[in-house]
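4 protein chains.
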Amino acid sequence: MKLLILKPKKEFIKELNREISLIKMKKFYVDDLTRDFSTQYGVISKKDLKKKSGSVVKSNIGKEFIVLDADFIDNYKRIKRTSQIMTLKDIGYIAAYAGVNKTSKVVDAGTGCGANSIYFAHLCKEVVSYDINPDNVKVAKENIKNLGLKNIKVKEKSIFKGIDEKDVDLVVLDLPTPHNAISAAEKALRVGGYLVCYSPQITQTIDFVNAIKNNPKFIPEKTVELMERSWKIDGLIARPRRGGIGHTGFLSFARRV
Amino acid sequence: MKLLILKPKKEFIKELNREISLIKMKKFYVDDLTRDFSTQYGVISKKDLKKKSGSVVKSNIGKEFIVLDADFIDNYKRIKRTSQIMTLKDIGYIAAYAGVNKTSKVVDAGTGCGANSIYFAHLCKEVVSYDINPDNVKVAKENIKNLGLKNIKVKEKSIFKGIDEKDVDLVVLDLPTPHNAISAAEKALRVGGYLVCYSPQITQTIDFVNAIKNNPKFIPEKTVELMERSWKIDGLIARPRRGGIGHTGFLSFARRV
Amino acid sequence: MKLLILKPKKEFIKELNREISLIKMKKFYVDDLTRDFSTQYGVISKKDLKKKSGSVVKSNIGKEFIVLDADFIDNYKRIKRTSQIMTLKDIGYIAAYAGVNKTSKVVDAGTGCGANSIYFAHLCKEVVSYDINPDNVKVAKENIKNLGLKNIKVKEKSIFKGIDEKDVDLVVLDLPTPHNAISAAEKALRVGGYLVCYSPQITQTIDFVNAIKNNPKFIPEKTVELMERSWKIDGLIARPRRGGIGHTGFLSFARRV
Amino acid sequence: MKLLILKPKKEFIKELNREISLIKMKKFYVDDLTRDFSTQYGVISKKDLKKKSGSVVKSNIGKEFIVLDADFIDNYKRIKRTSQIMTLKDIGYIAAYAGVNKTSKVVDAGTGCGANSIYFAHLCKEVVSYDINPDNVKVAKENIKNLGLKNIKVKEKSIFKGIDEKDVDLVVLDLPTPHNAISAAEKALRVGGYLVCYSPQITQTIDFVNAIKNNPKFIPEKTVELMERSWKIDGLIARPRRGGIGHTGFLSFARRV
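Residue numbers (our numbering), protein chains in the order written: chain G, 1 to 257; chain Z, 1 to 257; chain A, 1 to 257; chain P, 1 to 257.
Hints listed in this document are in silico derivations from the structure and should not be mistaken for laboratory results. Mixed in with the good hints, there may be bad ones.
Beta-carbon label-pair distances, calculated as ranges [unchecked claim]:
| no. | chain 1 | residue 1 | chain 2 | residue 2 | range |
| --- | --- | --- | --- | --- | --- |
| 1 | A | Asn133 | P | Ser53 | 30 to 40 Å |
| 2 | Z | Leu33 | P | Lys138 | 54 to 64 Å |
| 3 | G | Gln201 | A | Gly42 | 34 to 44 Å |
| 4 | G | Leu236 | A | Arg81 | 48 to 58 Å |
| 5 | Z | Asn210 | P | Asn214 | 51 to 61 Å |
| 6 | P | Leu149 | A | Lys9 | 43 to 53 Å |
| 7 | Z | Arg241 | A | Val43 | 47 to 57 Å |
| 8 | G | Met25 | Z | Gly54 | 47 to 57 Å |
Think of the CB as a built atom: it goes at the ideal place given N, C-alpha and C, for glycine as much as any other residue.
If we strip away everything but chain G, and leave its shape as in the complex, we get (with noise of 0.2 Å):
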């Protein structure tokens, strides 16, 4: 995959005393490099498309854009999606939190369209994913494929019935009742290792951290929320957006002992 950088223009208007943006920046998603490209600014050639990375390049009616090659994070935003993923933010803290890198194995489940396993995948050394519908299963083995990742196995089949890997450093919940998976969890951690439950409704969070503080394998640790605000900032211009705050998830983290 490449992005397209529409070039951002500005001018400075005498009339005005200030500089103008003429030409907002704007960013293109081009999947398919084997035919031409058209955007409201103009037809990218394919040949265009082909240039280095950080090449200017002109569309047919003279727009400038930058070519870029897609790094993994561009190709992970856009995998094939069945239902909403984890913000960056929110496994971002989970994989600093539980601190796993290249050595770390990882469990997750559901698997959704696979995107937590993928964003595991690129940090870790391999990933375990469980999800009892197909379709999921279906869906996330392609946007594996796609992205050319061989260090994930997905398994059809449901993480309440256990895990069959051991000494996992990290297990990732993002089910409708994680409290069911706990036990299952418990078996396949290293001591040391963590449970991690995101869940959007407080009520389900509520539920699996009541269960985990009866479980004497685990230490829970915290419930938080992470909420992010965006600023507008420009000039004099300097305030958080309109748009506001959007509520993703709870995270509520359990240490295996």
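Using the hints provided, position chains Z, A and P relative to the given structure of chain G.
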């Protein structure tokens, strides 16, 4: 390093018709394994401290503790500090947003006590860190040595005067006048790489973003703050903690094009 | 004005073993009581619109509605707008913080569509409002007349040039360069009275607060923002709404000494 | 009651090329005007305490203070407390949302130390407050007497057993099982009036909202929380305060139809 977890103890009190927490979970960090470790719940012998991770041991007054091997993040949280370090939510978001992993090269400044370098060294291929303060450089090197990391180079040098490295995937700035480092970052980053500015002050963030907007080699992506809100959940109690949401810093992301 | 509330209707569906919402509650504002009122749920006759507050009436297609007399706040929310008006959380906080009531004299600027004046006139003894824009003054006067308020005076005049009133309890600023109004507010406020600046921009807030700090006749009390987060609660569903927390403005409070 | 404000003092220090705060503004509350008042900045004579609001007086060691008459809110903040009281942001929002003013009749429960009653009595025509705890009733009556308010009646009685008043404009609940008071509020409120539940716990809020949804005499309007974030602004420093955003309570609004 080891962790000692005081095992919590609850009991159902008939008269109250509910469970009461008799002993609250407590975490102790044991840096020195050559000596017995004293707590207000009794002394743990050095012999017991060396037991396998997950072992339950008893203090001399009979209280039960779990012995845990320290993970990377346990050690990271305990490094010697010269000033405030970036929180896991912020550093985790930077890592996720930039999509760095074991193949990535990262530059950061100022080094401070080395926390950012250490986190990225755990995750990435190599890290180079700049700081003009010799005291910081000294503390950071000590911390890095204690954690046994081999892939960090700390340079006592101003990042404003230039970055020696090329083809860098991510530059992280955590210093008072981040806009002064933009030109150095521009030369060091590969096309598609990320420049991230972390600043507690909105005033410095405004200066940084406005400078980025005037540099055609960067696409300003966004400025956000992550607010972490912690919840207390215990039986029927479920509410955000009174302590509240503390401010850490504003994160501004820009992409090199 | 009247309100029409479409009565919600739920039914227990045996096959699903749960209640389903068949008709969702809906609110309609009826400004003209001399005509029948049409909705997608049928037409309500003008005769029915005049029924006592709380009466249940039926549309011509048999849907049930509740007729409600409009309260002050219903009318307030429906005033003609020239720009964004302060939200109830912000204006309610200003009123509470300054402790104004039926004995208080309030000055505000700029008038805009008159919303702030109208709110404080509902609560206080008298309000004087300043705006240099004749279009604003016109719209505000119309809104004030429609609500039947007699205790507001709107002046087409710059507050920067001075406030005619003395012994004012509260001055509320909602305009682009609030620091220019500090000197006028200083002369108008009684000792112990409050000057409050509402500004969407942090940059203007910074200018205002720094100017207040250099004026010995004011004690800077605090600068805050109120973030309103809305929750969806329905049966087992309980989570913050996705729509999120929108930014309104920063509130800076100073006390005249 | 009087307030004493220690006058802040800044000085430009040539060597540092900037202003330094030598004395920070400090606020003292003086309850007893028949005696001299001691502070760490010296003693203020009782004669000086009686000077006109806004007078500058000197302590026996020459520090300057401003004498200020206490306003309603100054006194309100100083009432004797039996437990946490609702914050001004929350109570101000309730007042604004319900649109109450000098013509309104308000009922609240539990009375606690009387803070809610006192606030609404300052704003409205009359307030009736219910509490089953005789200690609370005693403290509340004392506070009410000290503030000289004549329009509050405190009843030592459970609101769950019914509200004696009719045609009430606003019922405010701040008690552990608010859903038990819905039926009493239903009978007391006029059509169009508001029932507001304040609760620190999401669990109680869920119970309340679900009960309201099953009562056809109420329209559930919304459940929100107001998060107050405080900023530090001083010269070039401008950032949210570290202390952070503390949780107070969830507010649920319902309208009687």
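Do Gln201(G) and Gly42(A) keep their Cβ atoms within the hinted range of 34 to 44 Å? holds, 37 Å
Does the hinted range 47 to 57 Å hold for Met25(G) and Gly54(Z) at CB? Since Met25(G) and Gly54(Z) have Cβ atoms about 52 Å apart, the given range 47 to 57 Å holds.
Regarding Arg241(Z) and Val43(A), is the given constraint of 47 to 57 Å on their beta-carbon distance met? Holds, since Arg241(Z) and Val43(A) (Cβ atoms, about 52 Å apart) stay within the stated range.
Per the hint of 30 to 40 Å, is the separation of the Cβ atoms of Asn133(A) and Ser53(P) within bounds? holds, 36 Å
Given a hinted range of 51 to 61 Å, is it respected by the beta-carbon distance of Asn210(Z) and Asn214(P)? Between Asn210(Z) and Asn214(P), where Cβ atoms are some 54 Å apart, the hint holds.
Does the hinted range 43 to 53 Å hold for Leu149(P) and Lys9(A) at CB? Given range 43 to 53 Å: holds, Cβ gap about 45 Å.
Taking 54 to 64 Å as the hint, is the beta-carbon distance of Leu33(Z) and Lys138(P) inside that range? Holds - the Cβ-Cβ distance for Leu33(Z) and Lys138(P), about 59 Å, lies within 54 to 64 Å.
With respect to the beta-carbon atoms only, verify the hint that Leu236(G) and Arg81(A) lie 48 to 58 Å apart. Distance hint for Leu236(G), Arg81(A) is violated at roughly 25 Å.
Of the hints listed earlier, the one the structure fails to meet is number 4.
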